[in-house]
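The whole structure should be built from the sequences, with the hints applied where relevant.
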Amino acid sequence: MTEQQASAEVFVFPASFGQERLWLLHQMGSGAAYHVNGALRMTGTVDVPVLRAALQFLVDRHEVLRTGVEVGADGVLTQVALAAAVAPLSVVDTTRDGLDAAMSAVTGPEFDLAAPPLLRSALLRVLDGEPGECVLLLCVHHVVVDGWSLGVLVAELGVVYAALLEGRAPELPELDLQYADFAVWQRGFLEGEVLAGQLAHWRRTLAGAKPLELPTDHPRPARSRYLGDSVSVDLDAGLVERWATVAEAERATLFMTLTAAWAVVLHRWSGQDDIVVGTPVAGRGSTELDRVVGFFVNTLPLRVDLTGDPSFRQLLVRVREVCLAAYAHQDVPFERISQEADPDHQGPRPPLVRTMLALDNTPGEPLRLPGVTVERLPAPRGARFDLGLDIAPAPDGGLSVILDFDAELFDRTTATGLVTGLTEVLRGAVSDLDSPVWRLPVMPSPESALVLDWASGGEPWHGFGSTVDWFTAAVDRWGDRVAVVADEGDALSFTELDERANRLAWWLRRNGVERGAKVGLCLDRGLDLQVALWGAWKAGGVYLPLDPGAPPGRLAVMIAEAEPSVVLTSLALRDRLPGAVNAICLDDPATAEKVAAEPVARPGTVLGGGDPAYILFTSGSTGVPKGAVNTHGGLVNRLRAFEERLKLTEHDVALAKTPLGFDVSVPELVLPLLAGSRLVLAKPGGHRDPGYLHEVLDRHEVTNCHFVPLMLRVFLDQDFGPHPALRVVTASGEELTPSLAADFHRALPGVRLVNAYGPAEVAVDVTAHEVTGPLGARVPIGGPTPGATAYVLDRWLSPVPPGVVGELYLGGSQVGLGYVGRPGLTAARFVPDPFGDKGSRLYRTGDRARWIDGGLLEFRGRADFQLKVRGQRVEPGEVEAALRDCEGVADAVVVARPDPTGAVQLVAYLVGRDGEVPPADRLRVLLADRLTPAMVPAVFMAMESLPNSVNGKVDRAALPEPEFGRTERAAVAPRTPTESLLARLWSEVLGVAEVGVQDDFYALGGDSLRAMTVFQRARHVGVELPIPVILGKHSVEELASAVLAGRAEGRTNQERGADR
1 MTEQQASAEV FVFPASFGQE RLWLLHQMGS GAAYHVNGAL RMTGTVDVPV
51 LRAALQFLVD RHEVLRTGVE VGADGVLTQV ALAAAVAPLS VVDTTRDGLD
101 AAMSAVTGPE FDLAAPPLLR SALLRVLDGE PGECVLLLCV HHVVVDGWSL
151 GVLVAELGVV YAALLEGRAP ELPELDLQYA DFAVWQRGFL EGEVLAGQLA
201 HWRRTLAGAK PLELPTDHPR PARSRYLGDS VSVDLDAGLV ERWATVAEAE
251 RATLFMTLTA AWAVVLHRWS GQDDIVVGTP VAGRGSTELD RVVGFFVNTL
301 PLRVDLTGDP SFRQLLVRVR EVCLAAYAHQ DVPFERISQE ADPDHQGPRP
351 PLVRTMLALD NTPGEPLRLP GVTVERLPAP RGARFDLGLD IAPAPDGGLS
401 VILDFDAELF DRTTATGLVT GLTEVLRGAV SDLDSPVWRL PVMPSPESAL
451 VLDWASGGEP WHGFGSTVDW FTAAVDRWGD RVAVVADEGD ALSFTELDER
501 ANRLAWWLRR NGVERGAKVG LCLDRGLDLQ VALWGAWKAG GVYLPLDPGA
551 PPGRLAVMIA EAEPSVVLTS LALRDRLPGA VNAICLDDPA TAEKVAAEPV
601 ARPGTVLGGG DPAYILFTSG STGVPKGAVN THGGLVNRLR AFEERLKLTE
651 HDVALAKTPL GFDVSVPELV LPLLAGSRLV LAKPGGHRDP GYLHEVLDRH
701 EVTNCHFVPL MLRVFLDQDF GPHPALRVVT ASGEELTPSL AADFHRALPG
751 VRLVNAYGPA EVAVDVTAHE VTGPLGARVP IGGPTPGATA YVLDRWLSPV
801 PPGVVGELYL GGSQVGLGYV GRPGLTAARF VPDPFGDKGS RLYRTGDRAR
851 WIDGGLLEFR GRADFQLKVR GQRVEPGEVE AALRDCEGVA DAVVVARPDP
901 TGAVQLVAYL VGRDGEVPPA DRLRVLLADR LTPAMVPAVF MAMESLPNSV
951 NGKVDRAALP EPEFGRTERA AVAPRTPTES LLARLWSEVL GVAEVGVQDD
1001 FYALGGDSLR AMTVFQRARH VGVELPIPVI LGKHSVEELA SAVLAGRAEG
1051 RTNQERGADR
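Residue numbers (full-length UniProt numbering): 1 to 1060.
If you're looking for bench data, these hints aren't it; they were derived computationally from the structure. All residues carry an ideal CB built from backbone N, CA and C; glycine is no exception. Please note: incorrect hints may appear among the correct ones.
[To be verified] Below are the BS3-like pairs computed for lysine-lysine, each with C-alpha atoms no more than 30 Å apart in a straight line:
| # | residue 1 | residue 2 |
| --- | --- | --- |
| 1 | LYS953 | LYS683 |
| 2 | LYS647 | LYS683 |
| 3 | LYS594 | LYS683 |
[Said to hold, decoys possible] Pairwise CB distance ranges, derived in the manner of DEER restraints:
| # | residue 1 | residue 2 | range |
| --- | --- | --- | --- |
| 4 | LEU324 | SER435 | 21 to 27 Å |
| 5 | SER987 | LEU190 | 27 to 33 Å |
| 6 | LEU748 | SER104 | 43 to 49 Å |
| 7 | LEU1044 | GLY991 | 24 to 30 Å |
| 8 | PRO551 | GLU593 | 30 to 36 Å |
| 9 | GLU701 | ARG913 | 28 to 34 Å |
| 10 | SER104 | ASP273 | 38 to 44 Å |
| 11 | GLY721 | GLY912 | 23 to 29 Å |
| 12 | SER435 | GLY72 | 54 to 60 Å |
| 13 | ASP396 | GLY72 | 48 to 54 Å |
Dropping the structure here:
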């Protein structure tokens, strides 16, 4: 009890349901987020003593302004009202530049909810402002007021100030009721049939509802700090008037039209058809309560159904019905609705309502003070929800829209895009109510044009019609220079390579290879591979890479799918191929003799940009690989784009080390020669040996090479000296993480790192980004290269605004011809291009991405990797990034697996930095600071290395089965007095006969309310439980450890105090 409470008479009343929730939020660290602030700029002569007396009058008049909330001896939250309390008013001198800081100094500090009055007021005198300029700032905790109450207080303040200034008694209507009377009534009214009937409605209405999952700019923290920011926009009076007319004609209200429009925006941003929007209602069921100050406001969750692609008119009908039903059942407190909708939720911040929409209808009489001009100012406020839309009438007849947003989740640019989207939807729908909502614009025209501009990489390159033409020009230019070197082997000049390829081309043509015939190459990396590749192309054939390291069964499937007319191989590899295939061993003496007898002159085969160049098989979702066919024109465009991006010249030395089955192997084998560079071929199998790769880089003074991020991690983890010749490294094939990029720059300072992206279906790479610091949460993949287009589209193939995650579609000159022998799959993945020329197509990647930072693409994972755990959408990449940031973790892959009960659990597969993975308990503690409970893996599996497929990517199918703990185990008995006490309390509160110290509270049927009951009962017997722990996933054992840790910290703090 405070000194003021001790010296004053105290009255105790029940707390309202809403006060219970706000008290719980306060215990969880909501801080200033639930401070209700009002700021008024005043110019003129303000009588400070009279202002102080007027504030005191209001504190005396409204009992709730002298009230706090605290837990009584019986463990029940109560209101504690003082018979008298002093109204605080501080007078502070500041400047215009210092005004924001001065306001934050008043509104920022937390209140002690048990120490009324929960009110601060300050008069901030602006010394460099207009004569007499000052700001009156009121800060009251939400637990005792709401927005309506603040309007009442401001209006009454003007009446009281004017009366006291004139020396007369203020004349205000008597208050028959105080807030405590309402709390007592509420407790009695909401019981029995009234409560049961209304709760039944909310159970039916919210059954199966899911929280809004907007793409965020930053990962959702495990515990919110309620850091808020806001953006605003004005709706002009003409638009508002048109909507008022529409609303009347549709038997709706302006609020209903705004709710429908906001739901459309959230629908388009999130892709969800089921949107829950919260809205506040005054909660003052009687006119007797209109002048009473207190926390009456209630929140109603409005579930908006957007399934079936409704028109806006149809959606408005749905919203009207939802609103009317909600109003008819508005007496149930939000906290009870939340419990019914999500009984398993852990924690006080209900996830179901993540966005609010409020149309201001609070008392809005302007404050009038004699001799003073008054205007409202925006006051600081925190983020109570992810997004909060406050809409209020503007003086010109329009509407003022303010979007409050959680600054831990969203950037201002994203918030601006959302509120702009609202204005665009309103403008579009008012002119065409029958338009499907998916067709309504969510971007202004200039922004739409900008996104389309970002999507284009510019004109394609038309320098050569085919790779063969380009190679011919390179040979003519570089002739006797060394073209290709086999590490630890021989070399060929450009002329020698050309002549050997010409001989093979002639031989192939004499043996049935015609223009467009498929020529398989199953050869180890070496000079014969280079000769065979160029020979196949010069004969007019289509290159079919067959990786010798692939399983024979897979090779057989690829050959059966592609039906090559011939497969070029070696005597050592012939047995890996099916017996029926037409296989030619180039090292067979008889064959070699025949080829050597062919002419060295060029065959003169004419190939165009539309001719197929190669077929690259990739994994198929059905388990059968699919062969992507790419053209010479597409490949030429890709090679030219990266020749310029990497700045390749005749002075460069490039390393080829990628297995043939990986799409990057094609440009890796071809581009250096076309640029006049020397190509070094790593020995067969050398790509798996990081020590060997370090050696070969120095042995040949390699300047340019490529790594899949998984292999780059292994490469960097080796001890190695500087590679002075190395100039640029390209990473692609998997997501490049910021931690890996940072490690690269530390290990290889001055070496360029280019993050490239592109699937096999579009000639490998279509975007690129030069990676420099500082690094954010994700490394961008850049923008489209010349000749390519990249669109981020929603499911209706409409471009999404910047910051919004959509599916990435790729177009332009590099789009392939489809999948060999798969017309149905080709039609599904290669779709008509709505933005291109007639007949052009887009490749649907299945990758999620968004536009950021003025035209850069950010990869957001595979759509088919996205997981649902405990009803929450989880992006594995986010969990993997958090794990990689944990000390001792070098790499991580996260997948979902069913546990023995069938419940889906996250499983993390980890590689330790020094061979040792941190203990699971330690990882859980570290992750709990960054991730929500559903995102923390249930199982951690240590591995020496992550399995990778033949193309160098993580092979998720090869990950071992997780080792789940036993789901049914004998209860472990308490071992300490603290564990015995907690087990007894759990048993009482949960109604469970036997509680083991390792049992999970929520698995035994607990929820946040029962957790707080345990908290109160433990406090009653002198044990202080840490609220963040008890509201999270925990066992008796973990809770007892936290109690002991808290006691130890307390002793340490006492010792530190004594030392001072």
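Hints, verified against the model:
| no. | hint | in the structure |
| --- | --- | --- |
| 1 | LYS953 x LYS683 | 20 Å, holds |
| 2 | LYS647 x LYS683 | 26 Å, holds |
| 3 | LYS594 x LYS683 | 27 Å, holds |
| 4 | LEU324 x SER435: 21 to 27 Å | 25 Å, holds |
| 5 | SER987 x LEU190: 27 to 33 Å | 29 Å, holds |
| 6 | LEU748 x SER104: 43 to 49 Å | 45 Å, holds |
| 7 | LEU1044 x GLY991: 24 to 30 Å | 27 Å, holds |
| 8 | PRO551 x GLU593: 30 to 36 Å | 33 Å, holds |
| 9 | GLU701 x ARG913: 28 to 34 Å | 30 Å, holds |
| 10 | SER104 x ASP273: 38 to 44 Å | 41 Å, holds |
| 11 | GLY721 x GLY912: 23 to 29 Å | 24 Å, holds |
| 12 | SER435 x GLY72: 54 to 60 Å | 58 Å, holds |
| 13 | ASP396 x GLY72: 48 to 54 Å | 51 Å, holds |
Taken one by one, the earlier hints all hold for this structure without exception.
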